[in-house]
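Participant: Sequence:
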Amino acid sequence: MFQSRRTSLIPTLFPVRPLTTVDEMAAHKSFRIKQKLAKKLKQNRSVPQWVRLRTGNTIRYNAKRRHWRRTKLKL
2 MFQSRRTSLI
12 PTLFPVRPLT
22 TVDEMAAHKS
32 FRIKQKLAKK
42 LKQNRSVPQW
52 VRLRTGNTIR
62 YNAKRRHWRR
72 TKLKL
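Counting from 2, one number per residue, gives the positions in the sequence shown under the numbering used here.
Hints may be right or wrong, so weigh each one.
[To be verified] Derived DSSO-like pairs: lysine-lysine, alpha-carbon spacing no greater than 27 Å straight-line:
1. K41 x K30
2. K41 x K65
3. K30 x K65
4. K65 x K40
5. K30 x K43
6. K75 x K41
7. K75 x K40
[Said to hold, decoys possible] Quick list of simulated restraints, FRET-style, between CB atoms:
8. L76 x W51: 28 to 34 Å
9. R71 x H29: 25 to 31 Å
10. R71 x A39: 17 to 23 Å
Keep in mind that the hints were calculated from the coordinates and are not lab data.
Glycine included, every Cβ here is placed at the ideal spot set by N, Cα and C.
Given the sequences, and given the hints that come with them, work out the whole structure.
Facilitator: In structure tokens, the structure reads:
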């Protein structure tokens, strides 16, 4: 009885992920994917100080800021 309960808990404790997921990144990227990643890297930065001065501090932060672990790119 204990053995059957133990085997039923294993899939819930250790979920098996498929081998090919969107999270994985290939070592050899195509040029188009590399361009998109470079654009997203340039977009993911804070607002420059001169923009804050020019707008009178109405724009204080980048609302589209992305964290590498929390929000994934849909590539």
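Participant: Compare the distance between the alpha carbons of K30 and K43 with 27 Å, and conclude whether the hinted pair is satisfied.
Facilitator: 18 Å, holds
Participant: State, for the Cβ atoms of L76 and W51, whether the hinted interval 28 to 34 Å holds or is violated.
Facilitator: 32 Å, holds
Participant: For the pair supplied as a hint, K75 and K40, is the alpha-carbon distance within the 27 Å limit?
Facilitator: Within the cut-off at roughly 14 Å; holds.
Participant: Verify the CB-CB distance for R71 and A39 against the hinted window 17 to 23 Å.
Facilitator: 21 Å, holds
Participant: Given the hinted pair K75 and K41, is their Cα-Cα distance within 27 Å?
Facilitator: 11 Å, holds
Participant: Quickly compare the C-alpha distance for K41 and K30 to 27 Å and report which way the hint goes.
Facilitator: 15 Å, holds
Participant: Holds or violated: K65 and K40, Cα atoms, limit 27 Å.
Facilitator: Holds - the C-alpha atoms of K40 and K65 are around 13 Å apart, at most 27 Å.
Participant: Between K30 and K65, does the CA-CA distance stay at or below 27 Å?
Facilitator: 25 Å, holds
Participant: For a C-alpha distance cap of 27 Å, please report whether K41 and K65 respect it.
Facilitator: This hinted pair holds, its Cα atoms lying about 11 Å apart.
Participant: Confirm or reject the claim that R71 and H29 have a C-beta distance inside 25 to 31 Å.
Facilitator: 27 Å, holds
The structure meets every hint from the earlier list without exception.
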